[in-house]
Amino acid sequence: MALCYKASMKPDQAEQNLQVIRTLMERSTLYRRALGPIMFVTGLLGALAALIGFYSRLSFVPYWIGVSIIILVVAFVLVRRQALTDREPVWSPPTKRVAQALLPALLSGALLTYVCLGEGLQEPRLFVVGWMMLYGCALHAAGFFAPQGIRRLGWLFIVGAIACACISIPPNVTMGLSFGGFHLAYGIYLFATKKP
Amino acid sequence: MNPETFQKLDRVIHEAGRMAIMSLLAANAEMSFTEIRDTLNMTDGNLAMHIRALQQAGYVGVTKSFQDKRPRTTCSLTSSGRKAFEKYIETLAEIVRQSQG
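Chains A and B, in that order, give the protein sequences.
Position 160 of the first sequence, counting from 1, maps to 160 under the working numbering, and the rest follow consecutively.
Position 82 of the second sequence, counting from 1, maps to 82 under the working numbering, and the rest follow consecutively.
Isolated chain B, as found in the complex:
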């Protein structure tokens, strides 16, 4: 197996929590903070920490707004986030292919 393939794995995404968040955002145009938290059974603090890391990497965009006078935080993938996630999946698939043949 080519060890260089492992090096291609994006370290920001390659963490269980962040990978899960990226998966949800890849399937939905945008998701609210509570929606992500409830789907992944994460605590507010844990989710906020991961979102911040993804935001700093430029993978996730965060929008704060008000709905019915209540604050609402929505997250979505940026174009570079989508590209990075696609590349991450390609790398995983490559690792699987290499291990099989």
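In isolation and in its complexed conformation, chain A is listed as follows:
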């Protein structure tokens, strides 16, 4: 029995086992909970909000602050719901890691918005570029603890922000295309590639 056991282990198998262990350890620390629904719903709400913003006379910055708060609450509800369904704690280690990675850039965005409003700045384009840039940085940081697509999405927002700084597009359209369109596209991609 011991002899069979000894013979069954080859050096290349040992290397494969080490690779499997490494992959599993990395994969298990990634955040995956409700990512598809969060992206899809965020995109849908973002696109809808952009449409409403475009056809209404609502003040741009306060309107989008309100929208972002609603989206944050909806995202948290989705995360909590899936955690309860899976009988897991809401603040699992991967969730904590992602939240910690998102926090610096998101807090910086909130603080900058507050300071700019305090200084009387009302130029919507300025806010759109700042929000997209910092949100992209937040996603990129979170992407180290989530599937790789998140980091690419982060880069898309950063590149989008640079493009938005160079090209003049109505701010609500930019918000709809980025916060609506990018999220929606990534949500659809996640649903389409989801393993049964």
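No lab work stands behind these hints, which were simulated from the structure alone.
Backbone N, C-alpha and C fix where the C-beta goes; we use that ideal spot for every residue, glycine too.
Label-pair ranges, simulated between beta-carbon atoms: (1) LYS87(B) - GLN16(A): 14 to 20 Å; (2) SER99(B) - LEU111(A): 52 to 58 Å; (3) ASN46(B) - TRP91(A): 24 to 30 Å; (4) GLY149(A) - GLN98(B): 35 to 41 Å; (5) ASP38(B) - LEU177(A): 31 to 37 Å.
Once you've looked at the hints, dock chain B against the given chain A.
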């Protein structure tokens, strides 16, 4: 290659399913039964069998509790489990080193 190195491999861990479970638990302080099952695409029965074997070896601790009135089973590595897993990885690395040089 030194055949004694192969003998050092822990038989409890050296099984695909149990090695995978130990890998997950080595990377996370604790994981729920469903989390492990879903990550490894195992059936409830298969996972329970492997967890039981690891528990009997003293490598894994199992805690049963209630969350929102629902039963919840969490697994974590014991200190001897962590040591055994580290030793297992060292042995694998040694086998690879010996085969290369």
